[in-house]
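So the protein sequences, as listed, match chains U and Z. Residue numbering for the first sequence follows the numbering used here, starting at 1 and increasing by one per position. Residue numbering for the second sequence follows the numbering used here, starting at 1 and increasing by one per position.
If you are wondering where the hints come from, they were derived from the structure by calculation, not from laboratory data. Treat the numbers as computed from the prediction; the structure is a model and nothing was measured. Check each hint, because a few of them may be wrong.
Listed next, the in silico DSS-like pairs over lysine-lysine satisfying Cα-Cα at most 25 Å (straight line) [unchecked claim]:
id, chain 1, residue 1, chain 2, residue 2
1, U, K277, Z, K561
2, Z, K179, Z, K220
3, Z, K220, Z, K271
4, Z, K271, U, K305
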Amino acid sequence: MLRQVAISCFIAVLALPAVARTRPHFGGTLRVEVQGDAFESSNGLILGLLMDGLTRIGIDGNPQPALAVRWTSENNDHRWQFWLRPGVQFRNGWPLTSEAVAASLTQSCPTNCPWKAVHALGTSLVFTSDFPVPSLPSMLAENQFLIQLTDAGDGKHPPCCVGTGPFQLAQGLPLSLVANENYWGGRPFVDKVEIVTHRSVRDQWLDLSVGRADLVEVPAEELRQAQQQHLTVVSSPPVTLLALAVSDSSLLSNPNLRSAIALAVDRSALSNVIFQKQGEVTASMLPGALTGYSFLFPTDRDLNKAHEVRGGLNTPPLTLAAENNPIMQLAAQRLALNLHEAGFNVQVANAATVLHKDLALLQLTLASSQPQAALESMLRSVGVVTPVVENTPAGLYKTEREFLGTHTLIPLLYLPRAFAISGRVRDLRLSPDGSPILAGVSLEDAQ
Amino acid sequence: MNLRQKLLLLFSLTVAAAVAAVAWTVLVRIRLVFEQRDQQETALFVSQFQREFQHRSAEVAAAVDHIAASERVRTMAFQLVQSGDAAPYLTEAQTLAQDAQLDFLEIVGPDGKIVSSAQWPARFGYFEPIAWVDQPTFLKTEDLPDGTSALGLFAIRAVGRSESTAQPVHIIGGKRLDKSFLADLPAAPGMQIALYKEADQSPSTEQPHLGPDFAVFDPKRLINATGEVPYAARYEHLIDTAFNSRQETSAILYLTDHREDSVNATAIPLKSDRGEVLAVLTVSISRSGMVQAQQHIRAIAYGVAAGGILFAILCSLWIAAKVSRPIEQLARAAEQVAAGNWETHVPERSRDEVGLLARSFNHMTAELVSQRERLVQTERVAAWRELARRLAHELKNPLFPLQLTVENLIRARALSPEEFDEVFRESTQTLGMEIANLKTIIGRFSDFSKMPKPELERIDVREVLDRVFSFYDAATPDGNAIHFQTRFPTEPLLINVDPELIHRALCNLVLNAMDAMPNGGTLTLSTNENGEKVEIRVADTGEGMTPEECERLFTPYYTTKQHGTGLGLAIVQSVIADHAGTIAVESRPAGGATFVITLPRSSC
C-alpha cells in the first residue's frame with residue numbers, strides 16, 4: 001500500500017510540470033511578421049490591439065460587451081443606446097467618456113454610416129437612424145468603429161491610435177507594442193509585441209523556421225505548402241471574399257456587358273490552382289456556412305452565354321485594378337484572360353497607381369459572424385448603404401440577389417486567413433474576421 | 001585668243017585631264033579596295049555574330065536540357081502523369097526559369113495544357129500547341145500578359161516519356177530577344193546589332209502568332225541594346241527586302257548626308273520553325289573609319305592633282321612662251337612688211353622649223369627689197385620711155401603743121417607779094433596757134449609734175465559739191481542739152497580736205513562727164529554717209545565704158561579722147577589719194593558712168 005502511495009506521489013510530482021505548462025505565463029516578447037501594413041483597418045493587426053470597440057464578437061458569433069457594458073434598442077431598432085464601461089481610461093490617462101466615444105465614431109464614419117446621428121447622453125451613447133438597424137451591436141465590433149481619442153484637449157489631433165486596447169505603442173523602431181498594465185479586460189500575457197511589416201511570406205517563413213519570428217502569415221494559396229512543411233498553422237473559416245467590382249459608369253454602363261463579365265469569370269481555376277484549393281467558390285456575398293443559400297447563386301462559368309449576352313457589343317480596353325501583390329495580380333491576370341475569351345480586352349493595373357479603373361479585384365472581409373451585420377458591412381464597404389431589414393435567410397437572399405443582379409460586384413471566392421506560429425506561442429485564437437487575438441496569447445518560455 | 005593663250009589652254013587642259021584621269025582611277029581603285037575589305041570585314045563580323053547567336057541558342061537548349069533532366073522536374077512530371085493535379089506546380093515555372101536564368105518557361109502537362117508559365121502565370125490550364133521541330137532551338141513569338149508579344153529563342157524537351165505514358169510533360173524554355181539579349185551579344189567596335197519586330201497583335205489564348213505583319217515599317221520598333229536605333233527609318237528598305245526575300249541581305253546605308261555616317265548593314269531574317277519571318281536582326285558596321293580614310297586619301301589626291309595642274313599650267317606658260325615667241329615675232333614682222341617696212345628682220349634663234357621659217361622670212365624680205373629696187377628702176381626707165389614717147393607724140397603733132405607751114409612759107413617766096421603776104425599771114429597765124437598748143441602741152445606736163453601738198457580744212461562736203469554745181473550750172477548756156485541735178489543729205493557731212501584741190505578734182509570729173517555726153521544727158525552730183533566714210537558720186541548718162549577701159553582709166557597718159565593728155569584722171573586719183581581716199585568707177589557700155597570718191601569722215 002505504501003509502495004502504491006509512493007508511486008502515486010512520484011507520478012503526481014512528475015505530472016506537476018505538465019499541469020504547470022498548461023497554465024499561461026505572463027511575460028515575453030511576441031514577434032510578429034506581416035506582409036502588409038499593420039495599421040490597415042481591414043486586415044491590420046495593430047488597431048485591434050490598441051483600441052477597443054463598444055462591442056466585440058464572441059466565439060459564438062454574437063456581440064459581446066466591450067467598452068459598452070449593455071445596450072438597448074427602441075422604436076423598432078431605430079434608436080440604440082449603449083452604456084459605457086466605467087473606469088476605462090485612454091492610454092494617456094484620460095477617462096473614456098461618452099463624448100469622446102461619440103467624437104471617435106463620428107470621425108471614423110463620416111459617410112455611409114449605419115446610423116444617422118450619434119450623441120452622448122450621460123454615460124451612454126445614443127444612435128438614431130432613419131431605418132431599423134438591428135445589427136448595430138455587431139457592426140460596432142468592426143475595426144472601423146474602434147474607439148480612439150480624437151481630441152488632445154488643446155484643439156490638436158493626438159498621435160495615432162490612442163485607445164483603450166490591451167497594448168499601447170512603444171517608442172522607437174522596430175514597431176512594437178507593450179502591454180497595457182491597466183487594461184480593463186486584464187493585462188495581456190505577453191509584455192511586448194514586436195511587429196515587422198512588409199515582410200515577404202518566404203522571409204516570414206524563414207524567420208519562423210530559424211526562430212526569429214513567432215507568428216507569421218500564411219496566405220490561403222500557401223496553406224498547402226505550409227502544411228507540407230509541417231508548420232503549425234492556425235486558420236480561420238472563409239472570411240475574406242475575393243470579388244470583382246465592376247464600374248457601372250461609362251464603358252460598362254450596359255448591364256448586359258456586366259452580366260457577360262459575370263458569366264465569363266472562371267472561379268474554379270482561381271480556387272483550384274491559384275489559391276491551391278483553399279478557397280470556397282462562391283457567387284454570393286456571404287459564405288454558405290453563414291446563410292445556407294449560397295448554392296442558389298450559380299458559380300459555373302458559361303462562356304457561350306457570356307458571348308450571347310454580350311451580343312457582339314465591343315468595348316474599349318478595360319482596366320482591371322488589383323493590389324500590387326503577386327497573388328492578386330495573378331488572379332487579376334487570370335480574370336483578364338477569362339474576359340478576353342468573352343471578347344473583352346482587359347489590361348491589369350496596379351490599384352495603387354491607376355487613376356481610372358473599370359474593374360477592381362477586391363478583398364472584402366467578413367466583418368461579423370452575424371449574416372445581417374456581415375452583409376450590411378460588406379455592402380457598406382462597396383459603397384452601398386442598404387438596410388437589411390429582414391434578418392431572415394429569405395430576406396438576406398433577396399437583398400443579396402437584388403444587389404448582385406446589378407453585376408456591379410461579382411463574388412468569386414471565400415478565402416480563409418491563416419497564421420503559422422512557433423512552438424513558443426500558446427492559446428492563439430482568431431477572431432470572426434480572421435485576425436489573431438494576440439491579447440490572449442502567451443509564450444511557452446515566458447518566466 | 002592669241003596663239004600663246006591657245007597653247008596655254010591646250011597644254012593645261014591636256015595635263016589637267018591626264019591628272020584628273022589618274023586621280024579618278026586611283027580613287028576608284030581605292031574605293032573598290034576599301035569596299036571589298038569592308039565587305040569582307042562585315043562578312044567576318046556577321047559570321048562571328050551568327051556563331052555567337054548559335055552559341056546562345058545552344059545555351060538555351062542546354063538550360064532547358066538541364067531543367068528537364070533535374071530530379072525536381074522529373075518528380076513533378078511523374079506526379080503530373082500519375083495524379084493529373086497541376087495546382088501545386090503553379091509557380092514552378094517561375095522558380096525554374098529564375099534558377100536557369102530563362103525569360104520564358106512553360107510546363108505543359110500530358111493533356112497539352114499549361115501547368116505553369118513563367119512569362120504568363122495566369123495562362124495555366126490553357127492549351128499550348130506543341131510543335132516538334134528538327135532544330136534544337138527555334139524562334140517563336142510569345143504573347144505576354146500586358147497585351148504585347150515578345151520574340152524568343154526557345155527549346156522544347158519532353159520529360160517522363162516512357163512506354164507507359166502516351167503523352168509526356170513538356171518543358172518549353174526560352175530567352176527573350178530584346179535589348180538585354182542584344183546587349184549580351186559580343187559586338188566589335190563600331191558594330192551595332194538591332195532587332196526589328198513588327199507591331200504586336202492582340203494576344204490570343206488559343207492560337208499563337210502566325211508571324212508579324214511587315215506591311216508598315218515602324219522605325220520605333222527597331223531597337224538595339226540601348227533603345228531605339230538612331231536613323232532607324234533608313235533601315236526600312238533593307239529590312240523590307242530581308243523580310244520579303246527571306247534571305248540575308250546586305251547593303252550600305254547612308255544614315256545622314258555625311259558619308260561617314262554610313263554603315264554596312266546586313267539584315268538577317270529570323271524565322272520560326274514554320275519558316276515564317278518573325279523578326280529581322282540587323283548587324284551594322286560603321287563605315288566612318290573607312291570613309292574618313294577614303295576622304296583623307298581623296299584630300300591628298302586632290303591636293304596632288306591641284307598641285308600637278310598648277311605646275312602644268314606654269315610649265316604650259318613657259319612652253320607656250322617658248323613656242324609662240326618666234327612666231328609672234330614673225331607675225332609682227334609680217335605686219336611691218338605689210339605696212340611697207342620691208343627692211344624688217346627677225347632673229348634666227350633655233351635650227352628647227354621655226355628657225356627655218358625665220359630664215360625664210362628674212363630671205364623673203366631681202367628678196368622683196370631687192371625686187372622692189374629693180375622694179376623701181378625698171379618703172380623709172382619705163383616712165384621715162386613713156387614720157388619720151390608721149391612727149392614725142394604730143395610734140396610731133398604740132399611740129400608737123402609747123403614744118404608744113406615753114407615749107408609753105410619757103411615755097412611762098414616764089415609767089416607774088418600779095419599772095420606771099422596772104423600765105424605769110426596765114427602761116428604765122430598757124431605758127432602762133434601751134435606754138436600756143438605746144439605751150440599748153442608743156443604746161444600740162446608741168447602741172448602734173450608739180451602737184452601741191454594739200455592744206456586740209458574741215459568743211460561740209462555739200463558746200464564743195466554745191467560750189468561745183470553752181471560753177472557749171474551757171475556757166476552752161478540755157479540751150480545746152482545737159483541737165484544738172486544734185487542729191488545731198490539734210491545733215492552736214494564734214495570732211496578734212498583741201499577745198500581747192502578737191503574742187504579741181506571734181507571739176508575735172510564734171511568736165512569728163514560733160515565730154516561723155518556730147519548729145520546731152522543728165523549729170524548728177526550726190527553724196528552720202530557710209531559708216532566712217534563719205535561717198536561723193538559724179539554720174540553721167542553718156543556712152544559708158546567697157547570694163548577694160550574702166551581698168552585702165554586712171555593710168556597716166558591713158559585717154560579715150562581724141563585730144564586728151566591722159567593726165568586728168570591720174571591727177572584726180574593723185575589728189576584723192578593725198579586725202580587718204582579712194583576713187584573708183586562704175587560703168588557699163590551705153591549705161592553711163594559713175595565715179596565714186598570715198599573720203600574719211602571728219603571726227604568731231
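Under the constraints set out in the numbered hints, which ones does this structure not fulfil? Numbers 1, 4 - these are the hints that the structure violates, sorted from lowest upward.
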